[in-house]
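Undergrad: Here is what each chain is made of, one letter per residue.
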Amino acid sequence: MPSAEEVMTVTDRATGHGPGGARRPPEATLADETEAQARFERLIAQDERVEPRDWMPEAYRATLIRQVAQHAHSEIIGMQPEGAWLTRAPSLRRKAILLAKVQDEAGHGLYLYSACETLGADRDDLTEKLVSGRQKYSSIFNYPTLSFADVGVIGWLVDGAAICNQVPLCRSSYGPYARAMIRICKEESFHQRQGYELLMTMMAGTEEQRAQVRDAVDRWWWPSLMMFGPPDAASPNTARSMAWRIKRHTNDELRQRFVDITVPQAEALGVTLPDPDLRWNAERGHYDYGPIDWDELARVIRGDGPCNAERIETRRTALRDGEWVRQAAAAYAAKRAARDAVGTGVAG
Amino acid sequence: MNTTGDTPDAGAARATTPGDGGAGADTGAPARDRRGEWPLYEVFLRGRRGLNHVHVGSLRAADDTMALRHARDLYTRRNEGVSIWVVRSDAIAASSPDERDPFFAPSADKVYRHPTFYAIPDDVPHL
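Each protein sequence line maps, in turn, to chains V and W. If you read the first sequence in my numbering, its first letter stands for residue 1, the second for the next number, and so on. If you read the second sequence in my numbering, its first letter stands for residue 349, the second for the next number, and so on.
Derived by calculation from the structure, the hints in this document are not laboratory data. This structure is a prediction, so every number in the text was calculated from the model and none was measured. Certain hints may be false.
To be verified - A few chain W residues that face chain V, going by a derived Cβ cut-off under 7 Å, partial list only:
#, residue
1, 385
2, 395
3, 398
4, 427
As the list claims (entries may be wrong) - With a cut-off of at most 16 Å between alpha-carbon atoms, the simulated EDC-like pairs for lysine to aspartate or glutamate come out as follows:
#, chain 1, residue 1, chain 2, residue 2
5, V, 186, W, 411
6, V, 95, V, 32
7, V, 335, W, 411
8, V, 136, V, 304
9, V, 186, V, 304
10, V, 136, V, 310
11, V, 129, V, 313
12, V, 335, W, 412
13, V, 136, V, 313
14, V, 136, V, 125
15, V, 335, W, 428
Think of the CB as a built atom: it goes at the ideal place given N, C-alpha and C, for glycine as much as any other residue.
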């Protein structure tokens, strides 16, 4: 049953928050502002959820818009590397699975754009910011998928890393974001398992197939570790995001958790992760891993990854090619609405 | 209901800027304004028979028929629903969070509406 809170959430957008929605009118006193701020901080301290029409600090809103938009863009761009294999899947079974997975990524993007809109962002505007490079997406999707083993490795490592990142976000302080993450996490589990199963199948195949898996693991391991973002020392916003409970763990904590989870999975699969420094540290109770090439991450974020230009160009082309469809649908809806209005007039 | 006074409906705000080409010129995207063409819909699902419809999220669609189809594709890919409602977001009237306390106050001070308000001896059966 929709609770009162749920109904309020629904309508948050209905009555809407323009981008400047949280600003107080000029006559609002300093006391109002202080009281609103205190209420916001109480919500956060009590680990309650902030809902769209609640007062929130502008920096909280801006941080969320940036994070949720980047997340949404990543899901949408993330369709491309695997989508490239849809027409070349080796069997109908693998094709159906891959199609379902890519469709899920589109769905995840849409859940997140819708959460972002509750913050006052405009969906068309977000798309413009993506294709013009003013908003980022995860750097991982700027690497190419060279063989079908890449589809398996993306499911296992890239979606595995995404799950590590996203499970704590199900408890993020912003209600619509947390709810979107719950839906997404349920679906990501299928993504990761289909990837691992695909790799198990290939590892049980020919020597050539095993070589493809090893090659794909070698190429995707380090970029997967970079998915967690810069090290804590170089991540100035982490502390504030954690204080606001938008994030629940630091980048390095999540990266360590991912390494610890993944090493036994690699052993079970029979592949070696490409890091000579990777070994169990009994003292820490964690796996140690070698230094990450942060220059590479910076390069790819800056736009110099292997596929940055291609990814954006593909998205732009899709936007352009779909324009007439969107126009036609809108024109049809307008015509029907006009006809219905005339019909009502006659009947009345 | 809206005491902040400066929170215009997002859709209405868009409608006031027709012909705004936005960033189209520098992105390669069509310069024509696409804003406001596809309104926002809220989606409600009945998970299975016997349950109420529950809000699950929103989407954009040109009209009601498309909204239903998109809702099916977006929110019921894994048997999450047996019935879907979609409604234009701008058709919903909402209580305001700023008025939350006074608005719900009438229900806060009537403890006698709850069964636990009444003391009944433990040995009285079925009550």
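Undergrad: Each hint: holds or not?
TA: Now the hints, each set against the structure:
no. : hint             : result
1   : 385              : holds (4 Å)
2   : 395              : violated (11 Å)
3   : 398              : violated (12 Å)
4   : 427              : violated (12 Å)
5   : V:186 with W:411 : violated (30 Å)
6   : V:95 with V:32   : violated (57 Å)
7   : V:335 with W:411 : holds (11 Å)
8   : V:136 with V:304 : holds (13 Å)
9   : V:186 with V:304 : violated (33 Å)
10  : V:136 with V:310 : holds (15 Å)
11  : V:129 with V:313 : holds (13 Å)
12  : V:335 with W:412 : holds (14 Å)
13  : V:136 with V:313 : holds (14 Å)
14  : V:136 with V:125 : holds (14 Å)
15  : V:335 with W:428 : violated (33 Å)
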